[in-house]
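Peer 1: Line by line, the protein sequences are chains A and B.
Residues in the first sequence are numbered consecutively from 1, following my numbering.
Residues in the second sequence are numbered consecutively from 1, following my numbering.
Please note that the accuracy of each hint is not assured.
Derived lysine-lysine pairs resembling DSS-like cross-links, with alpha carbons at most 27 Å apart [said to hold, decoys possible]: (1) A/K65 <-> A/K182; (2) A/K201 <-> A/K186; (3) A/K201 <-> A/K114; (4) B/K225 <-> A/K16; (5) A/K93 <-> B/K225; (6) A/K114 <-> A/K129.
I should point out that these hints are in silico values taken from the structure, not numbers from a laboratory.
Chain residues, written in single-letter form:
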Amino acid sequence: MASNDVMIEARGLTKKYGNHRAIDQLNFEIRRGEVVGFLGPNGAGKSTTMKILTCFIAPTEGVAKVGGYDVFEDPLSARSVLGYLPQRASLYKEMGVVEYLEFAADLRAISKDKQRAKIKEVVEICGLKDALPKLIGELSYGFQQRVGLAQALIHDPPILILDEPTADLDPNESAEVIEYIKRIGKTRTVMLSTHDLAEAKEACARMLIVNRGKIVADGAPDELAAKSGSVRYVLSFDEKEARAPKSFQEIKDAVLKVVSSGTVKELPSDDRAHTVEVSARGANDHRREFFKLAVDKGWTLLELRRETLQLEEVFRQLTVGGDAPRRNADGGRAANKE
Amino acid sequence: MSENESKTEAPEASASEETAAPEAEAQGGDDKALADVAAREEKPSAAEARPAGGGAGPVVRGSVGSFFSNTSTIASREFGSYFSSALGYIVIGMFLLLVGFLVFFPFAFLVIGKASLQPMFNSISWLLPLISPAIAMRTFAEEKRTGTLEMLITQPVRDWEVILGKYLGALGLLAVCITATLTYPFAISRMGELDWGPVIGGYIGLFLGGASYVAFGVMVSSYTKDQITAFFVAFIVGALFFLLNKALIFFGGAATVLEYLCPDYHFTSIARGVIDARNIIYFVSVISVSLMATARSLDSRRWS
């Protein structure tokens, strides 16, 4: 098979709960070997999409295919090529780890003579060796999540769908789980939902951002940050000098003369300095102009820093409010004030 | 006990015949799996050296054999889970205690002269509307509450396999309860001549009656997330139908038609030792209608 087979496909996927559209005309493709982060704020439709892909619920409209199988027409085939870890995956707490994995293997029609090898394999991949003699209910949540991951991997599926695998984990546990997912993702197609960007950046080469049931961005993390096109400057002026700016307003007016379209915001600082944050559109570097501004006014410039917009902020811009793209074009930071 | 085990194991045996021959020999070493997995890093076994195996291709099991194997996998997990929590022991203990109270003390005096188990069966039949909802309450409600149902249903299994598996697992516990009362007829048969015909009829009746209450309980359980609610709803409805039959004695004529709706009416008829097709059809109908309603409830998740 070619390396660019479409493994997960959604066409006009819509799910309505009453009049509310949990997801609205979603279109996307995930190709073989991709590890895709599926991001969005809570309630954006991430879980709904994943539940449709795993044939747990049916879409109101649209088509979804997993491994080439239509999830509505042929749910059993679709499920058989994927491994799924639901959100807050709960396992049978009263079962032993091995017992549970055997149960999962039975349901995956792995014959008894192959089961032992398979279980060893997933135990190795998910680092479960220490957990083996225990009951699932006795394990920490991080370990339970890894058992869930092992369960999803037991039949060596080409596709993995993981719904917020790191929710409710402490930072160490989630780092571990992400590490395992990265390792697993080397040979598989993975769709991973999360609302933690740092994790997504860590594990995923591509991100799909959903908001209010619609896809608002799709691309590599760097691409997304670049596409938003906003550049951020931090300026800090000494307040104690003789010729210091009198107020934030004075700085703001001066800065806005330099930067045609942008926003200025005061950052918290001590009473010795005025610190402002300027968001400007366009790729121009305004640092020279800011320096000249300071010289002209006779203000003492303590700090001047330029940084491209962080992914977190891109995410926030895209997912706050309903008409994110237009807001984005306005110059960005305004979206944060909501 | 042994009777029950053969009941739940039976489908698995037939399924394994169809799937693979080596399965039988692997089953023996199955218990050692845990120890083996734990000891794995010391000496990699031959099995481990083998590559991951085909993997990528879909493994779709469309045959009748897979239906039985999935159903029996789910059934044995369900049955086992009664005993890994306290519920199984509580149900059996409570049942035997109540049987002792209701049957043994009054019955010990009746037994002199004529060895009949009719009073025992009548007493046990009173317990069925109580014990069956307790057996069935957890089946779906608990899995819905904890979220394990999503995990189960998104495996490549049909909804029907899940429903039948859970139902059979619950029937397993019912069978254990009922089988445990076999001590009574054996004790009686030592004291006097026992007519085994009505005894066998009585046990078939008890099991069918219990199976109907359990099916109803499973259905109720599939409509709620709370097992206590599931218990009380199933118990109250079951008890109403049970009492309806007792109350109908006071009404003649048209009211007797209602008797046909009461599980107890059909039970008493079977317990007399006469197994009538109408009684069997009644129980089979109650069970199938309940399970079909369960399927509907399970399917509704997809559309709501």
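Peer 1: Next step is simple, just say for each hint if it's right about the structure.
Peer 2: Each hint, compared with the structure:
| no. | hint | verdict |
| --- | --- | --- |
| 1 | A/K65 <-> A/K182 | holds (24 Å) |
| 2 | A/K201 <-> A/K186 | holds (15 Å) |
| 3 | A/K201 <-> A/K114 | violated (36 Å) |
| 4 | B/K225 <-> A/K16 | holds (23 Å) |
| 5 | A/K93 <-> B/K225 | holds (17 Å) |
| 6 | A/K114 <-> A/K129 | holds (19 Å) |
Hint compliance for this structure: hint 3 is the single one not met.
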